[in-house]
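Asker: Work out the full structure: start from the sequences and follow the hints.
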Amino acid sequence: MLMKTPGGALSTRPLHFIWMVDTSGSMSYDGKIQALNNAIREAIPHMQQVAEDNPNAQVLVRSITFSSGAMWNIPKPTPVADFQWEDVKAEGTTDLANALFMVADQLRMPPMNERALPPVLVLLSDGQPTDEFDAGLKALMSEPWGQKAVRVAIAMGADADHETLQKFIGNPQMRPLQANNPEALVRHIKWASTAVLKAASTPVQQAAAPAATAPPAPSGPPMASSAPASAPPMAAPTAAPAPAPAPQPVYIAPVVIPTPPVYTGPANDDVW
Amino acid sequence: MWKRRPAPPSWRLIGHSVRGASHERKGLPNQDAMALISPERNSDIVACAIADGHGGARYVRSETGAQFAVEVTKKALEVLISAVGKEGLRSPNIQQRIASTVPEQIVGEWKANVDRHRTDHPLSPDEGAIWARETGSPWAEYAAPALCYGATLLVVLAVRDELMFIQLGDGDILLVSDTGETVPAFATDPRHLGGQTTSLCTPDALAQVRIGFWNRPETLPALVMVSTDGYANSYPDEPSFHKVASDIWEMAAEGNWEKVKPTLPTWLIETTRKGSGDDITVALISRG
Numbered sequence: 001m002l003m004k005t006p007g008g009a010l011s012t013r014p015l016h017f018i019w020m021v022d023t024s025g026s027m028s029y030d031g032k033i034q035a036l037n038n039a040i041r042e043a044i045p046h047m048q049q050v051a052e053d054n055p056n057a058q059v060l061v062r063s064i065t066f067s068s069g070a071m072w073n074i075p076k077p078t079p080v081a082d083f084q085w086e087d088v089k090a091e092g093t094t095d096l097a098n099a100l101f102m103v104a105d106q107l108r109m110p111p112m113n114e115r116a117l118p119p120v121l122v123l124l125s126d127g128q129p130t131d132e133f134d135a136g137l138k139a140l141m142s143e144p145w146g147q148k149a150v151r152v153a154i155a156m157g158a159d160a161d162h163e164t165l166q167k168f169i170g171n172p173q174m175r176p177l178q179a180n181n182p183e184a185l186v187r188h189i190k191w192a193s194t195a196v197l198k199a200a201s202t203p204v205q206q207a208a209a210p211a212a213t214a215p216p217a218p219s220g221p222p223m224a225s226s227a228p229a230s231a232p233p234m235a236a237p238t239a240a241p242a243p244a245p246a247p248q249p250v251y252i253a254p255v256v257i258p259t260p261p262v263y264t265g266p267a268n269d270d271v272w
Numbered sequence: 273m274w275k276r277r278p279a280p281p282s283w284r285l286i287g288h289s290v291r292g293a294s295h296e297r298k299g300l301p302n303q304d305a306m307a308l309i310s311p312e313r314n315s316d317i318v319a320c321a322i323a324d325g326h327g328g329a330r331y332v333r334s335e336t337g338a339q340f341a342v343e344v345t346k347k348a349l350e351v352l353i354s355a356v357g358k359e360g361l362r363s364p365n366i367q368q369r370i371a372s373t374v375p376e377q378i379v380g381e382w383k384a385n386v387d388r389h390r391t392d393h394p395l396s397p398d399e400g401a402i403w404a405r406e407t408g409s410p411w412a413e414y415a416a417p418a419l420c421y422g423a424t425l426l427v428v429l430a431v432r433d434e435l436m437f438i439q440l441g442d443g444d445i446l447l448v449s450d451t452g453e454t455v456p457a458f459a460t461d462p463r464h465l466g467g468q469t470t471s472l473c474t475p476d477a478l479a480q481v482r483i484g485f486w487n488r489p490e491t492l493p494a495l496v497m498v499s500t501d502g503y504a505n506s507y508p509d510e511p512s513f514h515k516v517a518s519d520i521w522e523m524a525a526e527g528n529w530e531k532v533k534p535t536l537p538t539w540l541i542e543t544t545r546k547g548s549g550d551d552i553t554v555a556l557i558s559r560g
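Chains L and F are the protein sequences, given in the same order.
FYI, this note's numbering numbers position 168 of the first sequence as 168, with every residue one higher than the one before it.
FYI, this note's numbering numbers position 40 of the second sequence as 312, with every residue one higher than the one before it.
Just so you know, the hints here were simulated from the structure itself, not pulled from any lab data.
We treat Cβ as the ideally placed atom computed from N, Cα and C, and that holds for glycine.
The reader is advised that the hints may include incorrect statements.
Chain F regions said to be covered by chain L (calculated; three or more residues, Cβ under 8 Å) [said to hold, decoys possible]: (1) 344-355; (2) 503-517; (3) 524-533.
Derived Cβ-Cβ restraints for the label pairs, each shown as a range [as the list claims (entries may be wrong)]: (4) L:166 with F:525: 26 to 34 Å; (5) L:53 with F:391: 37 to 45 Å; (6) F:397 with L:263: 43 to 51 Å; (7) L:78 with F:300: 27 to 35 Å; (8) F:528 with L:113: 52 to 60 Å; (9) L:113 with F:358: 31 to 39 Å; (10) F:390 with L:87: 51 to 59 Å; (11) F:417 with L:166: 39 to 47 Å; (12) F:392 with L:194: 20 to 28 Å; (13) L:5 with F:313: 25 to 33 Å; (14) F:300 with L:89: 22 to 30 Å; (15) F:393 with L:172: 39 to 47 Å; (16) F:396 with L:171: 23 to 31 Å.
Quick partial rundown of chain F residues pointing at chain L, CB under 7 Å, derived from the structure [unchecked claim]: (17) 463; (18) 520; (19) 539; (20) 546.
Answerer: As structure tokens, then:
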């Protein structure tokens, strides 16, 4: 007799990929916003190919724009196979913090699932935030998935605020990618939406950096205690009593991101 | 509900491990490892240890690290069984002694094995290049050389109507009651998110070990399911995954335990293919 596979319905792991796009007024200068629209559109087939190569990850894409305020221009996590990019327009200020608050909201559990793969956030900006960036970043980083997210930043033009973008990335081994012309922007967006996506969608464990924190409190009553009030009887975990050696400082990124390739093609003039 | 019943005389233990679907696509080995004590036949004492090698590119020797983890744990369990096999685990003094010695023994022996192995088999140029690329620093400068052997560990020991659980890192130990209710042995560790986990390879490994004992023979679980995280990650949520354990309990309760073992490989292959893509290892301990 064949026995049915035990458990509920099986599911691949969701991977949320979020474009965070600066649509402030300065993005309208020198064709930046149109170059961005073209570059994201051009990257879509490459993202779809990466997703096809890893059927155990379910890549879901959406996008938020920020200028005077922020809004989800593609609010629904969209399977990458169905993802389409509609041109965005540029006007207003650079309310990046607003976007960070809104992304933080979406990375909360729920709606996020603890079995998801680390989300990927790709920030594109050409200037300095005009609102409370640090507060927005704090909100993002207060969410566990905000901390675990792979954060990539692309600086468009010479006026982009690298210090802010580096704070957003939060990984000393990664720097903002500088794009001073449409060709460089295409290369960087393609890298973020393929190499980074591929790394984030590969299900591997990473040892958590040594931390001062002990394991969480046991779920059950203390050892040999009386029965719990409502929950079923549980095991009684106790912490190992031996003192731990002093943790050694080491940064371990949640996902190992490949180094961006060095561009060796023909030089393009800086236009931004 | 969790009702009183007589202490059981014996346990049955089976286990299986499959290579992850994504590992097959990439030509990677199964980086889980498993050791079973007294499997298959009814026995009043059974035990299992399951380890999950981290598998990321910087953990170039995690398959070996996982194997070391189950080997040293099996040895520690055999010593423990010979010491407490007759007396059992119930005495608070014994539990305290176990909590203060067994994790230290396992973590210490694992690190000693790793040190011996990396002395006898220095990192090859290829491994060193992978390491440098992934971490941005030369191997020789790194302060925690055990890192590339990184693995998690799950342990269950059943001695008649007493149970002991040990967990370091992610993965699950699920307990199923006589009526099919399923609960985890340990609370969820919020740090185990997005593939990050506590591990044998970090300098604070010993402080991260969780150990617990089942102290209520009258409500002894009917089934214990131990599994690496590739199993839980193949389901959209906790209830769907917990249903695996309760469904298997139901099969055992309906007299189909003997059919579980030959079917287990098929289940796990389907699960990794349609689910996480990760290696999956599971041990099932059922009351006889």
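Asker: None of the hints should be skipped; say for each whether it holds.
Answerer: Status of each hint after checking the structure:
1. Remark: the segment 344-355 of chain F is not confirmed as covered by chain L, as 0 of its residues place a Cβ nearer than 8 Å to a Cβ of that chain, below the required three.
2. Counting residues of the segment 503-517 of chain F whose CB falls under 8 Å from any CB of chain L gives 12; the rule of at least 3 is met.
3. Only residues whose C-beta sits within less than 8 Å of a C-beta in chain L count toward coverage, and the segment 524-533 of chain F has 3 of them, enough to reach three; the restraint holds.
4. Between residue 166 of chain L and residue 525 of chain F, the C-beta spacing of about 58 Å breaks the proposed range 26 to 34 Å.
5. A hinted range of 37 to 45 Å holds for the C-beta pair residue 53 of chain L and residue 391 of chain F, which are about 39 Å apart.
6. With their beta carbons about 28 Å apart, residue 397 of chain F and residue 263 of chain L fall outside the hinted range of 43 to 51 Å.
7. Between residue 78 of chain L and residue 300 of chain F the C-beta distance comes to about 31 Å, which sits within the given range of 27 to 35 Å.
8. For residue 528 of chain F paired with residue 113 of chain L, a C-beta distance near 32 Å fails the hint of 52 to 60 Å.
9. Taking the beta carbon of each, residue 113 of chain L and residue 358 of chain F are about 47 Å apart, not inside 31 to 39 Å as hinted.
10. Distance hint check for residue 390 of chain F and residue 87 of chain L: the Cβ-Cβ separation is about 55 Å, which falls inside the suggested range of 51 to 59 Å.
11. Against the hinted window of 39 to 47 Å, the Cβ-Cβ separation of residue 417 of chain F and residue 166 of chain L comes to about 30 Å, which falls outside the hint.
12. Between residue 392 of chain F and residue 194 of chain L the Cβ separation comes to about 40 Å, which falls outside the hinted range of 20 to 28 Å.
13. Distance hint check: the CB atoms of residue 5 of chain L and residue 313 of chain F are about 26 Å apart, consistent with the given range 25 to 33 Å.
14. For the hinted restraint 22 to 30 Å between residue 300 of chain F and residue 89 of chain L, the CB-CB distance of approximately 46 Å leaves it violated.
15. A C-beta distance of roughly 31 Å is found between residue 393 of chain F and residue 172 of chain L, which places it outside the suggested range of 39 to 47 Å.
16. As the Cβ distance of residue 396 of chain F to residue 171 of chain L is approximately 28 Å, the hint placing it in 23 to 31 Å holds.
17. For residue 463 of chain F, the shortest C-beta to C-beta distance to chain L is roughly 5 Å, which falls under 7 Å, so the interface hint holds.
18. Hint status for residue 520 of chain F relative to chain L: holds, with the closest Cβ pair at about 5 Å, below 7 Å.
19. For residue 539 of chain F, the interface hint holds, the least distance from its beta-carbon to any beta-carbon of chain L being 5 Å, beneath 7 Å.
20. Look at residue 546 of chain F: its Cβ gets to within about 4 Å of chain L, closer than 7 Å, so that hint holds up.
The structure does not agree with the numbered hints 1, 4, 6, 8, 9, 11, 12, 14, 15 stated previously, though it agrees with the rest.
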